[in-house]
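> Given two chains presented individually in distinct reference frames, assemble the corresponding complex, making use of the accompanying hints.
One letter stands for each residue in the lines below.
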Amino acid sequence: MGIAETYTRGRQFAVTRPGSVLLALVGVVLLFDLLAGLATGQHSFSGVGSLVWDGLMRGLVVGLAGIGLSMTYSILNFANFAHGDYITAGAFSGWATTYLVAGLGRADVGALLLVGAGGSVFGGSLGIGVTGTPLAVLAGILVSGVVTVGLALFVDRTAFRPIRDADGITLLITSIGVAFALRYLMQFVFGASVRGTTAQPPAVGLYLVDGFVRIDAHDVALVVVAGALMLAVHLLLQLTKLGKAMRAMADNEDLAQITGIPTERVVRAVWVIGGGLTGVAGYMFILWKGTLGFNDGWLLLLLIFAAVILGGIGSIYGAIVGGLAIGLTASVSVIWIPSAFARAAAFFVMIVLLLVKPEGLFSGRTTA
Amino acid sequence: MSVRDDVADRIPGGDAGLIVVVLLALYAVYILVGVGLGYSVRGQLNTIAVLTFYIGVFAMLALALNLHWGYTGLFNIGIVGFMAVGIYVMALVSKPLYGSGGAAQVGGLGLPLVVGIVAGMVAAALLGALVALPALRLRADYLAIVTIAMSEIVRFSFLSGELQQFQLFGERVGFGGGSGLILDFTNPLEAFFAFFGLWDAYLGFVDAFTVIIPNNPKPVVDGLVYGAVLLGFVAAFFWLLKRTGESPFGRVLKAIREDEDVANSLGKNTNRFKIKAFMLGCALMGLVGILWLMTSGAVTPNFFRPRITFFVWIALIIGGAGSNTGSVLGGAVFAALLYQGPRYLKNLIDTVIPNADAPSSFGPAVAPLVSNFDPAPLFFYTIDSVRQLQLVIMGLVLIWLMHNRPEGMLGHRKETAAGIPLTASRARGTASTDGGDAGGEVDE
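Protein sequences, first through last, are from chains A and B.
Sequence positions in the first sequence follow the working numbering and run 1 to 368.
Sequence positions in the second sequence follow the working numbering and run 369 to 812.
None of these hints come from the bench; they were simulated from the model.
Capping the alpha-carbon separation at 30 Å, the derived lysine-lysine pairs in DSSO-like fashion look like this:
| hint | chain 1 | residue 1 | chain 2 | residue 2 |
| --- | --- | --- | --- | --- |
| 1 | A | K357 | B | K644 |
| 2 | B | K622 | B | K636 |
| 3 | B | K714 | B | K586 |
| 4 | B | K610 | B | K622 |
| 5 | A | K357 | B | K636 |
| 6 | A | K244 | A | K357 |
One-sided excerpt, in silico: chain B residues whose CB lies under 10 Å from chain A:
| hint | residue |
| --- | --- |
| 7 | Y510 |
| 8 | V522 |
| 9 | F524 |
| 10 | G529 |
| 11 | F730 |
| 12 | P732 |
| 13 | V734 |
| 14 | W768 |
These numbers come from a predicted model, not from an experiment.
By construction, the Cβ of each residue, glycine as well, lies at the ideal position given by its N, Cα and C atoms.
Pulled out of the complex, with its shape left as it was, chain B reads as follows (with noise of 0.2 Å):
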């Protein structure tokens, strides 16, 4: 453990700085491949605004897991669901009226966007509290086989036709189904700009973009002030959740992940803990959600897929369970190397060597291999699928890391259970114990 602690301890603003590096470190690599090969100016701002947006809601969804998980000891593996009641309520509560114009078959209630935010997070929060009351009896396993089978009953009710369309409060509102929802409420970041009166402000900004991108910067400064946005949403949570950990409330949730009865033998009501951990974790989730997909325009129910339950976990376990700035740095290096990695790659060989011809199935590009070893069609199919791959090595390095490293990145540090800070006494303390438990003793 001391090799990366000593590089730990030396970057300057601790478990920030490590995070600021790492995240300089990715960027970097991106940007120094894209310089190589000669790509616009633009197309590299939108790599770094979609590298950013990634980095941010797996960052923030490794987060809010990491209260589950890490501090609680809850199994939950109906991500997903939450995140999809979140943006739906949202949806619902925000959208524009019926018939206000738009090629929108369902209107909302037309309340200002906010309201739909908080609406979304409250109603994300209440699902937790139903699905907590079988958490509170049933073992770990039991839990992620509940979870999960809610988070497939919320997709299946958000796809089905009765609830596409139904009246609300005497207005046309509805989810609308297998089709998908448009999201035809004010762009969110207009929205967001105006409330402190500086959208006109903001427009001047996108102008003097021209400079370096001649043609429309809008998009390209949207998705890369957006990104923005999401890092700050990532402070946020990050500040909330390190004060809940240090809060009293958080440390009996430690004490629940560690022994259950002894938190209980204290006089610790630790289902009330557990639930309210679970809910509070449950509203993030929700939020990340909304924060996801309320400037894509539209949303289906079939975005809600297990699997992105997976990469959050992946996300969290490459980063390590129980730190809060192992789940940034491990949404980080998820989003840039395993989610978004593959697929620069892609485009990378792409760009080098054109392949307009790549097989469209497995049988015709292995059959060239087999008849006179023309290696060039396997190879054209694999780029072409590298969407699927990538879900193959992500699946390879999850078995490769609980193998080997289950803790991840940061795991099993001890955190501080004293309310004052001990950090002056340990830079004192490590000198003379030379790295030891005494050392991990007061880490973080």
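Bound-form chain A, shown alone (with noise of 0.2 Å):
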């Protein structure tokens, strides 16, 4: 290929997608202020290598939530705004039987299903954690996955199968509501408080450079579960017939039952897959943050939808990457705004790239 060739293709590419041109000119920028400042020392790398892997993490758990909000997205036509409050869900319920087996015998039996509401029963003092008390942390895993999966089924067989073929913006409204009924239902039994669920994690400090970055057990927790849980999707949906069948629904659905695919019992799958990754993803969340309140869920939502919305809306491995990227996008940008922007600056990214790139990365891949 000659240089008058590259030339005319790259001046071609600059005149159909000047967006694109633009935004990578303002990474370049970027890139090229975070090496310098690296160079003169005006950023440390392990303060840089830091921020990274703490949005590794943040991404981490907006991907797997996210891969069930792509799921029902994509299957089921609408924006769905509980799923917020199922991450809630999936949190509370798990945490109370993490505090109800980690507890159990030292504390009021109520307090700890209650999850210390009001200040009665404190995780750090039950030392809960993944090194000290890995069997509630597994119990509470399984538990909040499973309550989740119940919701998503509950609310879809209340809320919105009874409008099945209503268009996208009605079932939108409604899942307003129900994210409206759940989480202020959680407010009522749980307490407004956010308190403090974990005690301190052992951690390792790996050397980068010019000093440590900081990982703890809990980091490693999280990334051996979102990662079994995302890799274990990817099989199923890859080899078994269920997987075929999801994606003939995102296509058409009226051509998926005719060929005599069981749609509402896809759409059962697809709550059950997407309503377990949820829970278990607002578990992990909370290990993780080691802080719970009720509007945890609803305050990451958008942050989902970013990610959702970046990786194209059906592909699960859009959601994952988009996740990672918002998560990072969260993270990093500290370097060059201050901190209180930074959740803007995911949202920011998230409509540039809607200008740019409507149809997201991984775009025209429906479900898998």
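As structure tokens, then:
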């Protein structure tokens, strides 16, 4: 390929996609600024490394929770605003279990089941952690998944199925109603306080050029759980008929039904898979960050939407990659902008990407 | 549809009459309950003032949202963002200069209130234009996510320390950050009356109230008068949006809502129409943000959480998207029954059964029920947390509405496309066609 040809193609790209070129330019400038900062000692390598690690962890949570949202979005054709409260529900059910297993006999059962509402029990004093109480954490993970599956199926049965054929906006508004009811019901039961849930986990410092990047046991647990679940979903959708049926339904529901695909069963399977992943994601999110409040899932929801749209609706790989990208943006952006705007930066990336590439990174690939 | 329409038809004054009747009915319920419980006159008037305030703001917000969703089909769930920009920019412009006394950490530009209000509306409209640019290329659900993300970006920006205080035209101004902003400009009511040279007359008017409220009637009268001013604004909004909807501009908007491609193929630049409609609605939302908060003395960014946006949506859906009358009714019904109703009910129960010893959390509330079947603590806890539970009720109402009556009280009304009034022919027509679709065609 000659230089002239490369030049012509480059110019053509610049003319047809000015937004992409501008975005790339901004990226180059930011990267250059970062390198310059590192070279002059303005930023430390270990500091940047810690931010990147933090972003990756956050991204894993967002990606894991995003898979379910992405699947329901493409198959049922609506943006589920109740998804964030499924996360919270998973977190509360799982943590109630963990408290109960870890603290049975040491504290009042009611206080344990309410995850220490009103400061009656503290997770730190129970020594909760993946190394301290591994059995309690494992039980919590299982229960969070199971309860959220049950909740997702119940909500689908009562709220979404009666209006299955309505348009996306009607379902979206309904899901907002579901979100309200769930969130404030949880506040009613568990209280509005944000409580600490874990004891300080053991950590190692990885040496990086000029300092240490701290990695603790809960980071490792998150990586293991999220990685295993993502791999499992990948295998499930690639190797079973269910995956094929889901792809068919996402493409054209009527056609899928005519060809004999039991669409209602597929929908139920989607809620089971998505709900389970979401509940576990909620549990792991709380394990990783160490605090629990009734608003956590709702606050995470917009980041998840950003990730799903960024990755391309319907693609689980898109959700994972989008989640990592959004997590990294939210964490690493504090290098360039004040930390108060970190979350705003993640939304901003989503809005810009909607303008430049509204179909998402993994576009046209509906479900798996 | 016939029963409701018959009722609506029999009320004199048409849609305006319907609104008045509903408002009077809501007030009557509140007053009767108050009288039954022997509330003081002062308490009654206060209740009325607060109720009027919320009816006013929710009716205005629903009207503005109706322009976006009901007329143009733009799914905006970032309403609070525009309200926040409205009041914050207004405060920036109208707060007195820094150092002119008072406890405020930052000053403003010290311009008159009217200038501030206009500036706030313009700022909200400009933000609307910025958001509307993606709106032109995106599906409705993407626009929803973009607008709600925008409203959160706005909230985070006002929360941040960077905008807490800065220099503008050599003055120390700012948005106050998370600790809030003191709105230390002239009392808007005073400015309003002083503008017409009626302030002294107004004070005399307040003094006349000492007959019914012996000591310090001013706060109560202020509240009532401000509520009346808000209802005046509702009427103005209604008139403006009705005129807009019936104008050629409004007809294009309705065409866009029904089928954008058709409107496009008729040579209308639908993008430009959508942007204009969106900006107008945003300016109105900014104005409501100003009216809501400018008498409250201070404003904090966390007031503007997305839940208020969803309140407005519930109001609009109750009333019926696409109908201005429905928007006002929805706002009034929402404010009176869903927003203020549960709180009023809590006060009622508190007067009837004093519950000083309500448990502070769910655990102590349920424990007696489990151990010795004593439901009282749970009951008191439920009453005490009415502010959370009313949101649960709103959620359930929303789900119920979407299942059973997605078009709301007055939705799916057909609107006249003709520039001339057709009501005269309707009066003759309904007798013969007996309320069929032909009757609906010329409704509203």
